[in-house]
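S.K.: All chains should be built: construct the whole structure from the sequences, respecting the hints.
Protein chains in written order, with this note's numbering: chain A, 1 to 113; chain B, 114 to 225.
Please note that the accuracy of each hint is not assured.
[Said to hold, decoys possible] Taking lysine to any residue and the SDA-like style, the derived pairs with C-alpha atoms no more than 20 angstroms apart in a straight line are: (1) B:171 - B:197; (2) B:162 - A:3; (3) B:171 - A:83; (4) B:171 - A:101; (5) B:162 - A:13; (6) B:162 - A:26; (7) B:222 - B:174; (8) A:57 - A:101; (9) A:57 - B:116; (10) B:222 - A:42; (11) B:162 - A:100; (12) B:171 - A:99; (13) A:57 - B:209; (14) B:182 - A:99; (15) B:181 - A:99; (16) B:222 - A:39; (17) B:162 - B:118; (18) B:222 - B:121; (19) B:171 - B:188; (20) B:162 - A:99; (21) A:57 - B:114; (22) A:13 - A:79; (23) B:162 - A:103; (24) B:171 - A:103; (25) B:222 - B:122; (26) B:181 - B:192; (27) A:57 - B:210; (28) B:162 - A:29; (29) B:162 - A:39; (30) A:57 - B:115; (31) B:162 - B:201; (32) B:181 - B:197; (33) B:222 - B:128; (34) A:57 - B:208; (35) A:13 - A:113; (36) A:13 - A:110; (37) B:171 - B:193; (38) B:181 - B:139; (39) B:162 - A:95.
Read the hints as simulated data drawn from the structure, not as lab findings. Model, not experiment: these values are computed from the prediction.
Here is what each chain is made of, one letter per residue.
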Amino acid sequence: KAGVTQTPRYLIKTRGQQVTLSCSPISGHRSVSWYQQTPGQGLQFLFEYFSETQRNKGNFPGRFSGRQFSNSRSEMNVSTLELGDSALYLCASSLQGGGTEAFFGQGTRLTVV
Amino acid sequence: AQSVTQLGSHVSVSEGALVLLRCNYSSSVPPYLFWYVQYPNQGLQLLLKYTSAATLVKGINGFEAEFKKSETSFHLTKPSAHMSDAAEYFCAVSGRTYKYIFGTGTRLKVLA
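M.R.: Dropping the structure here:
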C-alpha cells in the first residue's frame, strides 16, 4: 500500500513569508503527527492530530499551526518565517497515535533565506 | 515525563563486526519503545518496536533489541555489520501523550 506522502519535497522561502506543507497519511491511519528535524535540536514534536482534533502540541511558537481534514490529510503552516525555521519537516502517520508504530514520510526540506 | 538518552553520537565498526547502539529511557508508565533508521535525505524507517509482548524484539535487516526494565535500557544490536547499515539510528519512546520522543541519534559508520 502507498506510504506517507509529503509535498513538496523542497522549498525555499524568504524571511517573513509563510509556507504550507502537506501530508497524506497511509490509508486507514487517523493519526498524523509532525516533527521538525534540525542538526542542533534533533527531532522535535510539533503537534498531533487524530480525526481532525489536535490532541497534543509541542513547544513551538504560535507561528506554527496545523490542521487535519476529514480524509486524514494534514497540513502545517508556518507564518512569518525566520531563518531558524530552516529544517526538515517530517510527517508521521499511525493508526491511533502514541504507542502504535508511526510511519514517516520523506519530509519537506524548508530553507529560509 | 518520558525521555530517551542515546549514548554515543557516533559509532564506528568494521564490516562484519557486532553493532551495539545504546538507548536508555525514562518513563513513569510502561513504555512503547522503537528504533528507527534514517538514511541521508530520507524520512525515518521503523526497525523494530517493543510493546511488552516479548523482551527480545527482532526487527528488519537483522537487527534486534532487548528490553531490560531493571536497567531501563533498549539497546539495538546486529551480529554482523554490513556497509549498507551506515545511517543514523534513533531510539524513541511513546505512551499516552500521542507523541514520540526521540533520542538525539547515533550515526553509525561501517568501515571496510
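S.K.: Evaluate each hint against the coordinates.
M.R.: Here is what the structure says about each hint:
1. B:171 - B:197: Distance ~18 angstroms between residue 171 of chain B and residue 197 of chain B Cα, so the pair holds.
2. B:162 - A:3: holds, 19 angstroms
3. B:171 - A:83: violated, 41 angstroms
4. B:171 - A:101: Satisfied, since the Cα-Cα distance of roughly 15 angstroms is no more than 20 angstroms.
5. B:162 - A:13: violated, 37 angstroms
6. B:162 - A:26: holds, 19 angstroms
7. B:222 - B:174: holds, 16 angstroms
8. A:57 - A:101: Holds: residue 57 of chain A and residue 101 of chain A sit about 19 angstroms apart, inside 20 angstroms.
9. A:57 - B:116: Answer holds: residue 57 of chain A to residue 116 of chain B is near 16 angstroms, not above 20 angstroms.
10. B:222 - A:42: Since the Cα atoms of residue 222 of chain B and residue 42 of chain A sit roughly 19 angstroms apart, the hinted pair holds (cutoff 20 angstroms).
11. B:162 - A:100: holds, 9 angstroms
12. B:171 - A:99: With Cα atoms ~18 angstroms apart, residue 171 of chain B and residue 99 of chain A stay inside 20 angstroms; holds.
13. A:57 - B:209: holds, 13 angstroms
14. B:182 - A:99: holds, 17 angstroms
15. B:181 - A:99: Holds, at roughly 18 angstroms.
16. B:222 - A:39: holds, 18 angstroms
17. B:162 - B:118: holds, 17 angstroms
18. B:222 - B:121: holds, 12 angstroms
19. B:171 - B:188: holds, 12 angstroms
20. B:162 - A:99: holds, 9 angstroms
21. A:57 - B:114: The hint holds at about 15 angstroms.
22. A:13 - A:79: This hinted pair holds, its Cα atoms lying about 11 angstroms apart.
23. B:162 - A:103: holds, 12 angstroms
24. B:171 - A:103: Roughly 18 angstroms separates the two Cα atoms, so the pair holds.
25. B:222 - B:122: The hint holds at about 11 angstroms.
26. B:181 - B:192: Distance of about 19 angstroms is within 20 angstroms: holds.
27. A:57 - B:210: holds, 10 angstroms
28. B:162 - A:29: holds, 18 angstroms
29. B:162 - A:39: Violated - the C-alpha atoms of residue 39 of chain A and residue 162 of chain B are around 25 angstroms apart, more than 20 angstroms.
30. A:57 - B:115: holds, 15 angstroms
31. B:162 - B:201: holds, 17 angstroms
32. B:181 - B:197: Violated - the C-alpha atoms of residue 197 of chain B and residue 181 of chain B are around 28 angstroms apart, more than 20 angstroms.
33. B:222 - B:128: The hint holds at about 9 angstroms.
34. A:57 - B:208: holds, 15 angstroms
35. A:13 - A:113: holds, 6 angstroms
36. A:13 - A:110: Given pair residue 13 of chain A, residue 110 of chain A holds - Cα atoms ~8 angstroms apart, limit 20 angstroms.
37. B:171 - B:193: Cα-Cα ~15 angstroms, so holds.
38. B:181 - B:139: holds, 12 angstroms
39. B:162 - A:95: holds, 15 angstroms
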